[in-house]
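*Asks:* In order, the protein sequences belong to chains S, V and R. For the first sequence, the working numbering assigns the number 1 to the initial residue and increments by one for each residue that follows. For the second sequence, the working numbering assigns the number 468 to the initial residue and increments by one for each residue that follows. For the third sequence, the working numbering assigns the number 935 to the initial residue and increments by one for each residue that follows.
Worth flagging that the hints you see were computed from the coordinates, not collected in a lab. In this text the structure is predicted, and so the values were computed from the model without any measurement.
Here are the simulated DSS-like cross-link-like pairs (lysine-lysine), alpha carbons at most 27 angstroms apart as the crow flies: (1) Lys557(V) to Lys223(S); (2) Lys843(V) to Lys337(S); (3) Lys500(V) to Lys549(V); (4) Lys82(S) to Lys529(V); (5) Lys379(S) to Lys560(V); (6) Lys405(S) to Lys804(V).
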Amino acid sequence: MAYDVVVLGSGPGGYVAAIRASQLGLKTAIIEKESLGGICLNWGCIPTKALLKSAQVYNDIKHAQEFGIEATGKPNFEAIVKRSRGVADKMSKGVQFLMRKNKIDVVMGFGALKAKGQVEVKGADGKTQIVEGKHIIVATGGRSRELPALKQDGKKIIGYREAMVLPQQPKSIIVVGSGAIGIEFGYFYNSIGSKVTVVEFLPRIVPVEDEDISKELEKNLKKQGIDILTSSEVTSVDTSGSGVKAKVKTANGEVVLEADVVLSAVGVAANIEGIGLETLGVKTEKGKINVDKFYKTNVAGVYAIGDCVPGQALAHVASKEAIICVEAIAHAEGKYKHQPEAIDYNNVPGCTYCYPEVASVGFTEAKAKEAGYEVKVGKFPLSASGKASAAGHAEGFVKVIFDAKYGEWLGTHMIGYNVTEIISETVVGRKLETTYHEVLNAIHPHPTISESVKDAIEVAYGEAIHL
Amino acid sequence: MAYDVVVLGSGPGGYVAAIRASQLGLKTAIIEKESLGGICLNWGCIPTKALLKSAQVYNDIKHAQEFGIEATGKPNFEAIVKRSRGVADKMSKGVQFLMRKNKIDVVMGFGALKAKGQVEVKGADGKTQIVEGKHIIVATGGRSRELPALKQDGKKIIGYREAMVLPQQPKSIIVVGSGAIGIEFGYFYNSIGSKVTVVEFLPRIVPVEDEDISKELEKNLKKQGIDILTSSEVTSVDTSGSGVKAKVKTANGEVVLEADVVLSAVGVAANIEGIGLETLGVKTEKGKINVDKFYKTNVAGVYAIGDCVPGQALAHVASKEAIICVEAIAHAEGKYKHQPEAIDYNNVPGCTYCYPEVASVGFTEAKAKEAGYEVKVGKFPLSASGKASAAGHAEGFVKVIFDAKYGEWLGTHMIGYNVTEIISETVVGRKLETTYHEVLNAIHPHPTISESVKDAIEVAYGEAIHL
Amino acid sequence: KKEVKSHTGKFYSPLVLNIAAQESIPLSELERIEGTGNDGRVTKNDLLDYIASRSKKEVSLPV
Ligand SMILES: Cc1cc2nc3c(=O)[nH]c(=O)nc-3n(C[C@H](O)[C@H](O)[C@H](O)COP(=O)(O)OP(=O)(O)OC[C@H]3O[C@@H](n4cnc5c(N)ncnc54)[C@H](O)[C@@H]3O)c2cc1C
Ligand SMILES: Cc1cc2nc3c(=O)[nH]c(=O)nc-3n(C[C@H](O)[C@H](O)[C@H](O)COP(=O)(O)OP(=O)(O)OC[C@H]3O[C@@H](n4cnc5c(N)ncnc54)[C@H](O)[C@@H]3O)c2cc1C
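This is chain S alone, in the form it adopts within the complex (with noise of 0.2 angstroms):
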């Protein structure tokens, strides 16, 4: 039997296309080598957020008698990372779940094109089958990118996945790359008592945010304990003693590293090899696949989306390029009366969930100057934010970032308490191509964290009132 669309990988990319496909009526299967859910809910968003949670709670223990709260408490690194797997594991299996309520055909195995409509899938059994689909979407996603100096053996040298389930908590690690992956596992570590160093080729942390907010992290990072080295490379590691040593190439020059372990976190690979791309001639180029604004490959009837095609490697990119390209895909079956909006990838919000929280959203001051704006730039810090005082969390600020001819809203950064829950309404107001005006007429709530969107706007526009 054929079906009218067939995915390959269940990740937020591969997991909602395949539910949207079959909200259609398009008649769907999805096929998956491992777990359902994909990076996402099995080795990445998740299980992360669960580890990160788990160090709150201890810092907030280590600070808790500043909030009139006497006591002691030990993190129990076992049941911290048990915890994390038994929350992938429940979201994992409410994928499955949603399979079932779409009616959507899953199939085991490691899957690969075979033929226009065909892929081939092998299961874990060693046997194979072929799947039919007029349409197919590729949803591969990604792995950790290896650097080779860095070749990961699992044990001294990891990945994302071994360093979320470690059999023992490190004394020491090492981290090289400061994106959002490596600095939430350094802040994790750090926190439940590991000595961390990060390392990073730039000469900033988490080089994708603006200026101010890589400089702010920075600060805040090494008050909690952690070395930085920016404007450094690890060149090679020495593993043959009980522990690592690295040697790291600084602006200062060459220093050793000793540490129990080195995670590399220098960004994601696609999964694009051996899934029979070349089979059907399926374009790439610089390592992702090649797709228009609703995802269609260079070879018709096969998409795809996610982690394996370029646009920011993050889950709420996959499920809404996966949207978008089911709905195109339906539309052009007559399923679907839309035809869907493409992604506007400037609008695009990122998060890193360490405290203090970093989110963002368009332009930086020097991209938004990049391009030739005049901005308009307010900043309040959350220092005079009365709920961030409240909560005992007074670190960081909101910027905001306007076009000083036309009004228009470029970006937000921020970074401190909650923010990454904040960040979607400045997406929204961006979509609504709003200008600051309407966002001062809009009442935000007091006491939040939110209301200093407010006051960044209020800064930027010299109305400041609680600054």
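Dock chains V and R with the ligands against the given chain S, drawing on the hints supplied.
*Replies:* For chains V and R with the ligands alone, coordinates are given in the frame of chain S:
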């Protein structure tokens, strides 16, 4: 010397009015009889949020084991109260700084309208002075409303002020009234180990909220150990013994409750007495000062804002009224080019900071139907949210209400972890007259509680992915 | 700078109205622009494209 603007009262209404006035080039004085910052900073929003944070830290400690942390702790009531006072003092000092920075003259003492353009201020030393101003803004706020059966003696029958500075933790407390204030205190005292009973006259707690919210909150608070009596009324309190004995008329007959203290939290009474309103003939109605949409009273040159006028008794309302009032004055004086926009009181968010938190804006389902809308309702349980599960706080839901005919976003009602931080998105979306379409196309970050708003909208429109 | 519904019932975002006001584009002209947004709504980019093409036309006019 005569001021352009004299503000009577320095709460979030008054102090914001003074700052905005000064910003717009109006010479300004502010009169305060007690502490700068008013109820909000000294006895309301801020100190309660500090208390609630201590409760939250302690709750996390109680549940630390679930997060893989072995911990014990106990609350130190005196230290909790002291911290709360410290946070309030810091914020009040902040207002002092802002007054200085904005060159606003602060006159300490009790003020009353004396004649057109004149306020008489009586200082602590009993001396009086006259402060003259062309425009006088009354922002005297409110106080705890007293019921005949619940005359507050400040010891055993108390209001919110005493409740946040009790000399020792009560073993048991009866909270009369289940609005935000009552619920927050009930939650706080229950969390730190006091036996709490909430008595509500109406058939459900948080009666201004959507019915589904009331039900979910009641269920959760009961699970936490709070006794809740709805459709019940305290008819008398006997304070002759060591504690109190309260007679409560319930739907099932009369019961007598014993406790250490009774907290009366049955609403706010405006401070409109003894401030010379009669002298100038300023009209009041139902205990509040009558104003137009720019907060002019019936007497030229006299304005009123905040808790002493109709509208929600909330700090963010008072502050927005302040800005509008002052901008209208400045506009009339030719010092500000825009005519301000009047508040849409149906787009004002309301929050309750217990756990699970409550946040809402716009029409409840019942009110929307009453108003004649045919509604599309979507409810997304946080048990299906990855972030909520990772945080170990999967209680509650997000409920959105849309107009089925034109697609208007009528309201959002949320209960759960951190929801007070995510209501601004709805306020901004409603302000910008969005339909569901634009919100779904604004990419929400994963994993967050805020993405549940998107999920709830998908449910309303039959496009739910994660349910 | 208020959200305005024009007489043809078209909706313009605050930003679009702001740009139109600053570039002296009257509502009547705005209404002739074809939108690419939801239900043909004129977006910021539509308007900026329109302004760009309009000024190009002006430049290329024979003197
Ligand atoms: C540690 C970590 C933390 C992260 N935190 C966040 C976060 O907080 N927020 C966020 O937005 N993003 C986060 N990400 C990124 C996010 O996980 C990815 O962007 C997202 O999972 C990509 O989704 P996807 O569907 O494209 O691919 P994936 O989630 O990678 O799923 C691909 C699936 O396809 C399967 N597959 C691959 N090849 C085949 C094949 N040939 N046959 C069958 N099945 C196959 C895989 O087994 C996998 O299940 C994090 C990533 C990591 C590693
Ligand atoms: C326990 C509690 C918790 C609350 N929590 C929140 C919350 O979380 N969020 C929220 O939005 N709202 C909250 N509120 C409500 C909020 O505090 C009020 O809405 C807000 O303070 C009203 O501001 P205002 O400026 O009108 O008056 P007020 O803040 O009441 O300030 C009035 C000021 O005027 C002074 N004054 C009065 N009469 C005179 C006079 N004759 N001469 C000189 N000075 C005078 C008073 O001393 C006072 O300082 C809470 C209230 C309470 C009681």
